[in-house]
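The listed protein sequences derive, respectively, from chains V and X. With my numbering applied, the first sequence corresponds to residues 1 to 257, in that order. With my numbering applied, the second sequence corresponds to residues 258 to 584, in that order.
Quick caveat, the hints were computed from the structure, so don't treat them as lab data. Predicted model, so just to flag it, every value in this text is computed and none were measured. Every residue gets a Cβ at the ideal spot worked out from N, C-alpha and C, and that includes glycine.
Label-pair distances were calculated between CB atoms; the ranges are:
(1) T184/V with Y378/X: 40 to 48 Å
(2) G543/X with Y154/V: 50 to 58 Å
(3) P54/V with Y369/X: 20 to 28 Å
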Amino acid sequence: MALLSVDNVTKRFGGLVANQSISFDVGDNELLAVIGPNGAGKTTLFNLISGFFPPTSGTVRFDGRDITGQPSHKVAAAGLVRTYQLVQLFSQLTVAENVEIGSHRVTRGGVGGALFRPDWFRREERSVREGARELLHFVGLEGQADLPADKLPYGRQRLLEVARALAAKPRLLLLDEPAAGLNTQETEALADVITRIHRGGTTIILIEHDMSLVMKIAQRIVVLDFGKKIAEGTPAEIRAHPDVIAAYLGGTEVVDA
Amino acid sequence: MTSRVTTFTEPAALRWQSVSPAAGAAMLAVLGLLSSDYVTTVLGFAFIYAIFCTGLNFFMGYTGQASFGQSAFAAIGGYGSAILCTDLGWDPVLALFATMALSGVAAVIVGYPTLRLRGHYLAMATFALGLIVYEITIEWTSLTQGYMGYAGIPPLGIVGFELPTVKHQLVALVVLALFGVAVANRLRRSRFGRALAAIAGSEPAALALGIDVARYKLIAFVIAAIYASAAGSLFAHFVGFISPEVFGVTMVVQSFTMLYLGGIGTVWGPMIGAVIVSVLPEALRGLKEMQDIAYSAILILVLIFVPRGLAGLSSLFARFRRNTEPL
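Only chain V is shown next, with the shape it has when bound in the complex (with noise of 0.2 Å):
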C-alpha cells in the first residue's frame, strides 16, 4: 500500500484554481521529484499535504490515515515532516539547537521532566545531543555546532535544515526547492546528502528547479503545469514526454544540462 495518496486533490484561491484534481501516490522508500514552472501549484501541494491548509476538496491519506485538513503540527507528528522554499531557521539558536529541537517528535519531555530531571529525562536529554551531532556529521556541518545558525553561508543553511527535519525521523520528508540558490558544488554536495537519506530508507517527495539533480536522483516525477497534472513517469520518459517539454524544458538543451 501507498504511504501517501493524494486523491483528486483541488485547491482554490477565490477565482484562482491552485491545484485542479491532482492524484498520485508515493510508495515506501520511494523518492519522488515534483517538477513544473513557477506558479505550477508545486508549493500549493506541498502545502495541502502538510496541513498548512485544507484543501478545497479531495483527500490526502498518509499511512493509511485520513491526514486532510489536519493541522501542520499534527500531520508533522504523524511522521510527514517538510522544509521550506525560504530557509526557515531558529537563527538565533545554535547550529546544534536547531538540530536538537528537530527532535522534538521522536521526544517526550515535559514540564515535569525539566524541572526533576529524572533518569529517562537525562538520559533522553543526552540522546537528543548525541542524535544531533550525528546528523550534523552526516550533513557535514560537525566543524560548526556551536555557531549561530545565520551565520552560516546559505548553502549549509539548507543542509542544516535538511539536518533538522531528519532529526524529527520523519518517515517521509518533504523537500520544497532544497537547492534553490545553491551553487554547483553546493547542489552535489545536497544530492549526496538526500541520496544518502534515501538508501538509510526514509521515503521523499522533493520539489526541484534544477533539473540535471531531479533527474540523476528521483525515481519518479509528476509534472505540474497551471495546476494541474501533465504527466507522471520515469526520469526518462518524463524525458520524452511531448507534453512536459512543450510545457516545462521548453528545448532539449536543458535536459541535457
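Given the coordinates of chain V, assemble chain X onto it according to the supplied hints.
Below, chain X alone, put in the same frame as chain V:
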C-alpha cells in the same frame, strides 16, 4: 528587539556565567542586611520584580510573544493574598500557592482565545487585560476596597512563624528569586524550553517539526502568570498594603525596562535588570533635580551600547579574555 542570548558555550564559561550572578545576588542581600531599612526595602522590591520579570521572560524572551497585561496576574496574587490572609486568616504560604493556582487557571481561560492573536494584536489584547483588572480593583469595592486599598496584610511567614523585620524578609525574597531563576534555567534547558525557542525563532518551522505552537504559547503564558502572581503576593506581604496603582501600567513599563536592560531571553537578565532599574534611581538621588535625566541617560546609553542587555556582557567579557590569551 528580538535578540536572544542562548548560545551554549563550553561548560567552564557556562558555570562562571551562571554562578557569578547568584553570588552577586547573595552579596546584595548581605549589603542589604548591613544597611538601613530603607536600602533593604529598595532591594526587597528589586527581588520581587526579579521574580515578576523572570516569569515575563518565559513569554516575551524565550517564546518571543508580547504581553502588556502581566500586571493583571500580579493583581490577582496581591489581592488574593491580601483578602485570604487579612479577612480569612489564611497562612501566607498557603495563600501564595492558592493565588498562584488561581492565576494559572485565569491565564488558561484568558490565554486560550487571546493567544490566537499575534504581534501588535496580542500586545493590545493583553494590554486590555491589564486595564480590565485594574478597573476591577478600583470598582469592586466590596472585594478590593477600591482606591482605599487593602491595609494590614501580615508579613510573610511559614505556619505561624512570621518574618518580623524587612531584613528577614529580604533574605526570604532573595532565596525565592534565586529559586525562581533556577526553575527558569531548568525549564529553558530542556525539550520544553527548546520548543519555546523554536516558536520565537520561526512558527512555520516549529509547526513543521510537530511542535504544537498554540499549546506551548499557552503554557509559557501560564508560567509567566504564575510568577507574576507570586510577585504580587510577595509585594502585598512585604509592604503590608496594596492599592490599585501598585498593579497599574507603571508596573508594565518598569518590567519591560528591566527585561530589556538586563537582557531579554537570558536566564539572569531579568534579575540583573530588576536590581539595576530598582537601585539606580536611589543611587542617583544625590543629583537632586538632575536625577531623572541621569537615570534616563544611563538607560539609553546601555540600550545603545549593550543592545542585548547587561546579561550579555559577561559572555562578551569571556570571549574577550579567550581572544587575548597568549598563544
